[in-house]
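There are 2 protein chains.
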Amino acid sequence: MPQFLNTQDADFEASFTALLGAKREDSPDVDAVVAQIIADVRAHGDAEVIRLTEKFDRLELTPETLRFSEAEIEEYCARVSDEDRAALELAADRIRAYHARQMPADDSWTDESGATLGWRWSAVSAAGLYVPGGLASYPSSVLMNAIPAKVAGVGRLAIVVPTPDGIANPLVLLAAKIAGVDEIYRIGGAQAVAALAYGTETIEPVDKITGPGNAFVAAAKRRVFGKVGIDMIAGPSEILVIADKYNTPDWIALDLLSQAEHDESAQSILITDDAEFGQQVAAAVDKRLETLQRRDIAGASWRDFGAVIVVKDLDEAAALSDRIAPEHLELCVQDPDALSEKITHAGAIFLGQFTPEAIGDYVGGPNHVLPTARSARFSSGLSVMDFLKRTTLSKMTVDSLRAIGPAAATLAESESLEAHGLSVLARLDALNEK
Amino acid sequence: MPQFLNTQDADFEASFTALLGAKREDSPDVDAVVAQIIADVRAHGDAEVIRLTEKFDRLELTPETLRFSEAEIEEYCARVSDEDRAALELAADRIRAYHARQMPADDSWTDESGATLGWRWSAVSAAGLYVPGGLASYPSSVLMNAIPAKVAGVGRLAIVVPTPDGIANPLVLLAAKIAGVDEIYRIGGAQAVAALAYGTETIEPVDKITGPGNAFVAAAKRRVFGKVGIDMIAGPSEILVIADKYNTPDWIALDLLSQAEHDESAQSILITDDAEFGQQVAAAVDKRLETLQRRDIAGASWRDFGAVIVVKDLDEAAALSDRIAPEHLELCVQDPDALSEKITHAGAIFLGQFTPEAIGDYVGGPNHVLPTARSARFSSGLSVMDFLKRTTLSKMTVDSLRAIGPAAATLAESESLEAHGLSVLARLDALNEK
Chain Z
2 MPQFLNTQDA DFEASFTALL GAKREDSPDV DAVVAQIIAD VRAHGDAEVI
52 RLTEKFDRLE LTPETLRFSE AEIEEYCARV SDEDRAALEL AADRIRAYHA
102 RQMPADDSWT DESGATLGWR WSAVSAAGLY VPGGLASYPS SVLMNAIPAK
152 VAGVGRLAIV VPTPDGIANP LVLLAAKIAG VDEIYRIGGA QAVAALAYGT
202 ETIEPVDKIT GPGNAFVAAA KRRVFGKVGI DMIAGPSEIL VIADKYNTPD
252 WIALDLLSQA EHDESAQSIL ITDDAEFGQQ VAAAVDKRLE TLQRRDIAGA
302 SWRDFGAVIV VKDLDEAAAL SDRIAPEHLE LCVQDPDALS EKITHAGAIF
352 LGQFTPEAIG DYVGGPNHVL PTARSARFSS GLSVMDFLKR TTLSKMTVDS
402 LRAIGPAAAT LAESESLEAH GLSVLARLDA LNEK
Chain F
2 MPQFLNTQDA DFEASFTALL GAKREDSPDV DAVVAQIIAD VRAHGDAEVI
52 RLTEKFDRLE LTPETLRFSE AEIEEYCARV SDEDRAALEL AADRIRAYHA
102 RQMPADDSWT DESGATLGWR WSAVSAAGLY VPGGLASYPS SVLMNAIPAK
152 VAGVGRLAIV VPTPDGIANP LVLLAAKIAG VDEIYRIGGA QAVAALAYGT
202 ETIEPVDKIT GPGNAFVAAA KRRVFGKVGI DMIAGPSEIL VIADKYNTPD
252 WIALDLLSQA EHDESAQSIL ITDDAEFGQQ VAAAVDKRLE TLQRRDIAGA
302 SWRDFGAVIV VKDLDEAAAL SDRIAPEHLE LCVQDPDALS EKITHAGAIF
352 LGQFTPEAIG DYVGGPNHVL PTARSARFSS GLSVMDFLKR TTLSKMTVDS
402 LRAIGPAAAT LAESESLEAH GLSVLARLDA LNEK
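Protein sequences, first through last, are from chains Z and F. Residues in the first sequence are numbered from 2 upward in steps of one, following my numbering. Residues in the second sequence are numbered from 2 upward in steps of one, following my numbering.
The hints are simulated quantities; they were obtained by calculation from the structure and are not laboratory data. Quantities reported herein were computed from a predicted structural model and do not represent experimental measurements. Careful: at least some of the hints might be erroneous.
Which copy? The list can't say, so a pair holds if one copy fits it or any two copies do.
[Stated by the list, open to error] In silico DSS-like cross-links for lysine-lysine, where the CA-CA straight-line distance does not exceed 30 Å:
id : residue 1 : residue 2
1  : Lys151    : Lys178
2  : Lys228    : Lys56
3  : Lys313    : Lys343
4  : Lys151    : Lys343
5  : Lys228    : Lys343
6  : Lys24     : Lys343
7  : Lys228    : Lys178
8  : Lys313    : Lys246
9  : Lys435    : Lys246
10 : Lys288    : Lys435
11 : Lys246    : Lys343
12 : Lys178    : Lys56
13 : Lys246    : Lys288
With the sequences and hints as input, model every part of the structure.
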């Protein structure tokens, strides 16, 4: 049974705070192991990556077979059904179109002092994308990570994907090909992250690493941060559905379950202004759990972390939503646009009853890599911005240096940074002598 | 003596690689100490912050005096000279104008399937800014951190600044006031970072923490990352000047010294296509070092990490610059705009001989918080973007769900996520029955 809360209850605030603070993930402390793996890969390169791949993935490789050949990729791609291929291509087209609109503009202007100011954006030269192996090897995540990188203009995009016992997912390889990935390596774990960050004889180092992974991968990403850029470290998935009584309970139940089935640590919350509707949804969840393939996982998530919260009105729902700062937020209400205006903190909002969150996981267009664990308060989903960086530009004229240089010299003096001040004053003195 | 390299020398590549890889900073391992401080502040709140402030800053506080009162702030601000105040205001106006242009636009559109897609930006609700105490207490850094936050629309901006022995810098308080900071606390160290991240009885928690600090502050920021957002962890400052012979050697020398005087770990590099000019600049540096106030620091930095690199032409200079990915890049050449076009990786570019880097530290307009240690390959200087986050929006119509829903269901099935698929199919089935 999930928790049932009602904002009218005396103990609501305590229960809601406990729900917000519930620790859903126990990350094993693998930092020492990971530090050793990274040091070993830096010291021994390919040989160490190959040794660890044999150990963990039961797969014997050579420097020549670390990377999938073009022929192998073609062979795997040929195994994909026409239906799956068409679905991947539709998804890729829509993700590409959405992310293309995110490209920021360069700017340049001359201010009243005569100084030219501005900035320009440029892409990261090389990026690496971690793709988990086994069950969590999702072709959709390949599209969601690789397409923004390519839209941003990343020149070289390398994927690492472990293939335990040599088994690869044809859809992952096809997704990589559709997204324009340049290199695919059949390695995983902390050793793959180390290889991307520091390079080996065979693998050129990259500048940025993104993509999800297990505790070892997350720890390795934290460790190489600084040497390379990384994306966020994602936690278990979450959904918040705000629904009024004008909804089909079974649809809302399925939306809640579509997060719950990801992971026993996932969290699905329904907020409704109709207590009876809340009960109907909970009953529909139970019914679906009788037959769902992943009912063990989804059932554990719903039982341990699920919640139905009854509010007195939708304004109260919006306020609670902002305290949750959900990764995914569905607004299944009569006027979703109006309710959306009242929301400040959410990774992605899905408006109206015909926009189940699963649309956003695959084909909507927006990215499905989104901030978890309340981090939507301060961070955003993956986008082209993650693969771009900005260089600021400034150019003084003689007049603009005369106009603003003295203030710089004054501030430099106040900070006891004499050379800073002199670098301005020496120029101003020379100009005044002319 | 700094290093002299020439790209024509046989051992250039080895020497240049060594220069790039030189470890300039020895960060003490303070992680265990910092972890304990954070745990103690979480457990004991104000009392622990007060205890540690007495221990480290020799300052007795109460919950009532943790924060500067409005009257105190006014009193400190009144001590600032008119010249300093005018310089701070000019700097603030220019920084505000530059950052206001960075504000990204929301977007919303309807695609060919009838779906409405888009995103909107919103500001972080509350941000905290760390300001170092003592010698490194720079009012310019207050402006550079606080103004982008306020331009972005951060509702509540709190500063923490240690005041060892109770001594505060009036310019820091005035800069905070000019920038629109809402709260100023006289605390520092890891305890101040913990108080901002987790809150105490007196200090409300924030969502994002920015600003420079010592090893304890940096370790604390790393530790609270996830609970709150943080900015980059900055390393020692760097400047690269590309200069041809049509420059005054003394000006270039001062530009190199203006980074060197920050820190013995700072790095100043000159690249020139004229060996004789390189010697003239080195001689000018030596001459200035005879009298510079901070000659011990600047001299050590120049001796240990400085370099003069002679190249055969400016194209070669641009290529080396991209390998360095400098924090600050001055282009003191006849056609700086043309050379700038050849640069991809740099935090900030200063064009022409009348744009000394110190202009950018104070009054140019662009931010002076910039990526160090080659991280300009993948990251950008501080901007309004650091205080904004994006929520993606999608809204399907019945027609758009019919158009793209089946592909989502296909992909969900290929990933063995049944509930994802059912959440789409249940809706499509109901629509088809109508």
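Next on the checklist: I'd like to know which numbered hints this structure contradicts. Please list them from smallest to largest.
Outcome noted: The structure breaks none of the hints.
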